[in-house]
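Chemist: Each protein sequence line maps, in turn, to chains F and C. For reference, each letter of the first sequence is one residue, going 2 to 99 in our numbering. For reference, each letter of the second sequence is one residue, going -4 to 366 in our numbering.
The hints are simulated quantities; they were obtained by calculation from the structure and are not laboratory data. Note that CB positions come from ideal geometry on N, CA and C, so glycine has one too. Check the hints yourself; a few may be wrong.
Claimed, not checked - Distance condition first, Cα-Cα at most 25 Å in a straight line; then the derived DMTMM-like pairs of lysine to aspartate or glutamate:
(1) C:Lys(-2) <-> C:Asp15
(2) C:Lys98 <-> F:Glu44
(3) C:Lys98 <-> F:Glu81
(4) C:Lys7 <-> F:Glu44
(5) C:Lys67 <-> F:Glu44
(6) C:Lys98 <-> F:Asp51
(7) F:Lys68 <-> F:Glu39
(8) C:Lys67 <-> F:Asp18
(9) C:Lys(-2) <-> C:Glu296
(10) C:Lys98 <-> C:Glu70
(11) C:Lys86 <-> F:Asp51
(12) C:Lys98 <-> F:Asp72
(13) C:Lys7 <-> F:Asp51
(14) C:Lys273 <-> C:Glu296
(15) C:Lys67 <-> C:Asp42
(16) F:Lys68 <-> F:Glu81
(17) C:Lys98 <-> F:Glu39
(18) C:Lys(-2) <-> C:Asp13
(19) C:Lys7 <-> F:Asp18
To be verified - A few chain C positions that, by computed beta-carbon distances, are all more than 10 Å from chain F:
(20) Ser75
(21) Leu107
(22) Asp109
(23) Gly153
(24) Arg180
(25) Pro203
(26) Glu206
(27) Lys284
(28) Gly335
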Amino acid sequence: MIRVLLPTHLRNLAGLDGEVGFEIAGEASQSAIIDAIEARYPELRGTIRDPRTQRRRPLVRFFACGKDLSDESPRAPLPEAVVAGTEMFLIVGAIAGG
Amino acid sequence: MSKVRVLVGTHKGAFILDSDGQRKRWSVSGPLFGGWEIYHLKGSPADPNRLYASQSNGWFGQIIQRSNDGGKTWEAVGNSFAYDGNPGTHKWYDGTPHPWEFKRVWHLEPSLTDPDGVFAGVEDAALFQSSDAGRTWRELSGLRGHGSGPNWQPGAGGMCLHTILLDRANPERIFIAISAAGVFRTDDSGKTWRPINRGLKSEYIPEPTAEVGHCVHRIAMHPARPHVLFMQKHWDVMRSDDAGESWREVSGNLPSDFGFPIEVHAHEPDTVYVVPIKSDSEHYPPDGKLRVYRSRTGGNEWEALTEGLPQGDCYVNVLRDAMAVDSLDPCGVYFGTTGGQVYASADSGDNWVPIVRDLPAVLSVEVQTFA
Chain F
2 MIRVLLPTHL RNLAGLDGEV GFEIAGEASQ SAIIDAIEAR YPELRGTIRD PRTQRRRPLV
62 RFFACGKDLS DESPRAPLPE AVVAGTEMFL IVGAIAGG
Chain C
-4 MSKVRVLVGT HKGAFILDSD GQRKRWSVSG PLFGGWEIYH LKGSPADPNR LYASQSNGWF
56 GQIIQRSNDG GKTWEAVGNS FAYDGNPGTH KWYDGTPHPW EFKRVWHLEP SLTDPDGVFA
116 GVEDAALFQS SDAGRTWREL SGLRGHGSGP NWQPGAGGMC LHTILLDRAN PERIFIAISA
176 AGVFRTDDSG KTWRPINRGL KSEYIPEPTA EVGHCVHRIA MHPARPHVLF MQKHWDVMRS
236 DDAGESWREV SGNLPSDFGF PIEVHAHEPD TVYVVPIKSD SEHYPPDGKL RVYRSRTGGN
296 EWEALTEGLP QGDCYVNVLR DAMAVDSLDP CGVYFGTTGG QVYASADSGD NWVPIVRDLP
356 AVLSVEVQTF A
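Chain C on its own, in the form it takes in the complex (with noise of 0.2 Å):
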């Protein structure tokens, strides 16, 4: 029988929801790591009971955290993250230069093909790599070192690499993103990178069409047609046709072209979705309701879908990390918010759920999906 483990990074812990194919009654498990910030979970493409989460707070640093058995027991492994050499300075917010500092692990991305492998996304930007099942991290300074990273700048959440797509086609294509640097692009396998921003226009930069600079909030592309490419920048919703050589925007009649994640239908490439926010200093749904846009023509053309959304009075937001769909037939979509709620949609997104309502603020929710 098939199944769905949806796994939910909060605030203050990690929840682990259940369901059968069905998709219409869950178990929710949890708080893990009560307390602490789970900035991410995933499982591992290759063993669905091989889980990495990046468990983090202010006071006691960085965590990472492996599951062997699906989520039920835990085990802390390695929390080294060294940068490679003499890391040097990026740009602060005021434009002077600040010393790199490893702050936290946004994103772990485990390998697609070998359960011991997984990469990390780190603030301040860099990637680093396991292949021992996170027990030891190595950078992939390529990417800090290629020569712009002195003019990377913080977005208003940190200087964090954020994105990793893996290139099941091309082993040693690697896509990350960096707000607010923007895209970068390997092609050998980490060592060495460079920026894919071709046609971004950030009109909030001192030079709004620069190599690096931009503010990108989440990269996204289906498995089957890794050279397309969709981004929710800080403003607009942009779409690359090969591989990032080249963007331009498909916001078409969004409401607002300003979010955070954006999420691709896994039997249709050209199914697309973005939950738009009002504005980048008013984090909340415009008109106070909570509407996930989908469009069904890879851009410029979206609907807004609100059965079973609150439509009104309803001021969450909805961070990058924190949408994806099932493999299911028809797809499961999902996405929590900084209220709490975990929606679920069983049918592409047509009609919409609470799975849960009240978590701590959800800062991530990754799905696997058991045929």
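Looking at chain F on its own, in the form it has when it is part of the complex (with noise of 0.2 Å):
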């Protein structure tokens, strides 16, 4: 079970109280966990990455393990302890403007 944190916006759009778990069939990755999300909640769909070029939008970051995950492929396999569940996958909105 890959545990996901999403920020607040998007918690309060989904209705979710804290963190949320899914099962990701294959490869898991920032676009497997992605494509999950939007699965589960139509809701957030484009909220994350844009919806025409499916690239994380700017102002969201990616992090788990204490590193930033946000520059790597999007394709690329997420940490094992993300998928083994010990870690969570953090979503996070960029601290920028008022």
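Please dock the two separately framed chains into a single complex, following the hints provided.
Modeler: As structure tokens, this is what we get:
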């Protein structure tokens, strides 16, 4: 079970309280996680990645295991600890603006 | 019993203000979608419980919300706004070509007859239409592709399609306005469009009387007289008596003819309201006095409406979508400010009271009247 923590605005949009868990079939990657999020919560489509380019939105960042994974390839395998569920995959809104 | 519902979009959420037809006591509910920019929300004339809202922010992009119960509950619907084909380029601020990129929905205009029909005016400027209550959107690309699109250029607020006027008498006719391209009209339900900017003169562009390039801030019409249009331009208040074929200036005795909103009285087609702003670089009222100006003659002769409005040290702005009227008698007039006040007049502008004083900066105001 991959554990994901969404930023506050997106938790509110999807009516969620805390972290959410996903079983990912096949290789777990950033793209696979976002696919799973968008499939379960259609209201979040396009909020994490641009729906046209499929690129991560510029002010959204991904962290896990104490590392910034934002600039990794979207299809790169996730760290084993994330796949095993011992570490959360954090989706974070960048601190910017007011 | 009659009642009024005022829909307010702000920089940090939406608010719904309710009153009975007396318009003296108001309830304020919200914020809805707290922390998000709500550029606009509007109710369907065909079903007043059907509301649409444009929710966006710089982090997570565009959301469209729909309510089927007058704003009590909401559901996120379709937010895919894909330009038709290769959108090409428009002009950037420095005149160089710049790719067309979707940024946000500025204005939602529900169909006059179908609760599931709604138009969206977006930045970068284009018009989208949904026929399934916002679930899917398709571009009416004849507008962007009619020929002058590569020469459109953003105004200071972005290259936004901000005004959509539907003609009750002619369902195939739509007027739209883009900052800074100008006004366009279709007479075939959006398949083909042409610019209707003859008579506009904008000294700040290379060709002041060019076919496109004018920074139109807002246009308005009375529904019973759709061939007469009023315009607040970057500078100049204008009027057309031939559905936009030609325009003439009616700024008359206004203290400044710069401003953003313009609105028409619900029962008097020649009674028009504007809020003069000092200049294009000083977006606040002249002399620190917040004054709505009213013309009862369709322009040129304007009177200041000040009763109940701050007449000193007031430096707020009133944005283009932040003024509306109800259809009660006497007509109610409403506007919101960047200082977070929403003012209402229940007597056509003679007297004003703040419904609420301390909201986030107001981006839009719409009114629903329940007779």
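Chemist: Give me the numbers of the hints this structure contradicts, sorted from smallest to largest.
Modeler: Structure breaks hints 3, 9 and 20.
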